[in-house]
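I would like the entire structure built from these sequences, with the hints used as guidance.
Residue numbers (my numbering), protein chains in the order written: chain A, 2 to 128; chain B, 1467 to 1953.
In case anyone wonders, no lab produced these hints; they're calculated from the structure.
Don't take each hint at face value.
Reference listing, derived: stretches of chain A covered by chain B, where coverage requires no fewer than 3 residues with Cβ under 8 Å from a Cβ of chain B [claimed, not checked]:
no.: 1; stretch: 29–36
no.: 2; stretch: 44–53
no.: 3; stretch: 75–82
no.: 4; stretch: 87–94
no.: 5; stretch: 108–114
For every residue, glycine included, the Cβ atom is placed at its ideal position computed from N, Cα and C.
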Amino acid sequence: MSALLALTIALIAAAGVYLTLSRDLFRCIVGLAVLGSAANLIVFAAGRFGPLQPAILPAGATELAATAANPLPQALVLTAIVISFALLCFALVLGARLRQQGASDDTNQWRAAEPPDTDPVKPAVLG
Amino acid sequence: MLVLSPLLVPLATALLIALLHRQPVRVRRTVSLAGALLLAFCAGALLIAVEQTGRLSLAVGGWPLPYAIELAADRLSAALVFITAVLGVAVLLYQTSRADSAPETPTLHPLLHGLLAAVGAAFVTADLFNLYVWFELMLIAVLGLLVHGGEPRQLQAAFAYLALNLVGTLLLLIAVALLYGATGHLNFSALHQAAQRPELAAVLPVYVALLGLALLLKAGAFPLFFWLPASYHTLPAPVLALIGGLLTKVGVYALLRLLGEVFSAAPAVLYEALGGIALLTMVAGGLGAVYHWDLRRILAFHIVSQIGYLLLGIALASPAGAAATLFFTLHNIAAKASLFLIAGLIWALAGHHDLRRIGGLYAARPGLALLFLIAALALVGVPPLSGFWGKYLLVRESFAQERWLWGGAALAVGLLTLYSMLKIGLEAFWKPHPTGDGIAPVAGLGPAYGAVILLTALILVMGLWPEPFIHYAEAAAASLARGGSTP
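Structure (structure tokens):
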């Protein structure tokens, strides 16, 4: 089970890295999201596999049963998912806004923040 | 409760200003400045309380330690929280002037206070996952401030910042998860004890190295600093001073906390590698600053260069090295922010950030030239200013450990810093204005001068009377070396 999951995470992370390295704006955003999912799965895997019973206290009990799953990684993953989802939404809106402003899909063409140097030895004048 | 104040005060201020969004700008500015002053007051009280007790700690939610999220302040945390609050006051004061201040939209002040909350909380948390959360919150606040102006150059810079920093926080999350998986703990003191277990000796250095890599990206170290000069120059002066003064230092603080205290048993090869990275960071930043002609870009590359000095103190892996890093961080936050604010004043008076388009400021504004000279020479490390003592502590410890290359490089890079500061001095202040119109009088710069004078006073006090600061830094480093336990 662990080996299978490790292999899956490796595949997802590889896909994420490949997409993130793309010069295409949308692919890059999707790549970051995929990479985030791989990181979330690693957090989940760090809590070990085994018990599948939900970590919910029965009425009147004060301790979890020994067969219950570890609740801490679930809480950590939940926090990480919320944050990465917010950042994904921000990145998508930012990308859409950039396209509205006429920026190219190819991030290498973006020159507004860093204009190309015109002089061989001195940098361009910034706005 | 005092240990919660670096988090609660800015968050409450941010909420309050968000509720006041229909009020005139004057009201929001006043509330914002009052919130920063309250934060500075609480930080001062925290400083005194920590000095008396050694360490304040709070287990959130009443859970027993080490399972609760712990917030704790020792001398290192308290000093950094205090300088954060002082910088917050200076920056918000500057924002009320007309020197390249940010547009006053309803979201500006909540974002600034959100950033202060995230930075302050990162300084007082004693929980690894919680530290990751504050790094994310910092990222969100900075992204909001980057896109705040809405111009194409700002949005493009924001995307570069987002993509590279998101990779950094994901690496941080992965490292935190792996460390949790190996030790079963997230609390700093529990991790410190778990790191001694012999069965973890094989895997732990790898995980700590990954954690270090993520934090080096956040700190802007070579070769991971490219997000920094690509985005910082699109920010308005007060926001730039706050972000440029604080953010990379949070990465350095986290490295100092984790490599200097929590995982101080890490193998020597990690510190050796960090020393090499520190060296390259110093040189790369210095060379970048020499090449550029835009004030904001020169100063952005200087951040990178100075990060190298801070990392060098951590790489020395000794209490004296940690003390040097703390002293240098305090000096550097004040000097760097002061220079960014002066750059805003130069823009307001001379009309451009590019040194080829401006000049004649010495004749027109000798007072500004003096303020620039103090901050610039402090950054170079000329006695008797604060940078001299930071560099002295660092180089003395390098030579005491017979690290001739590290100490020598720290001295040699000072020449690059001096050269680029001279370039600003000669081009912006000494030479006549290229178009010959001279410097037009600009009204409403008073608060900006006030903010710069506040930071300059800090530089002068740290330079002329360094003894209490050095003693404090040594006491903070000694408590790090003891693993956080009070004597």
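Hints, verified against the model:
{"no.": "1", "hint": "29–36", "verdict": "holds (count 3)"}
{"no.": "2", "hint": "44–53", "verdict": "holds (count 5)"}
{"no.": "3", "hint": "75–82", "verdict": "holds (count 3)"}
{"no.": "4", "hint": "87–94", "verdict": "holds (count 4)"}
{"no.": "5", "hint": "108–114", "verdict": "holds (count 4)"}
In summary, the structure agrees with every hint in the numbered list given earlier.
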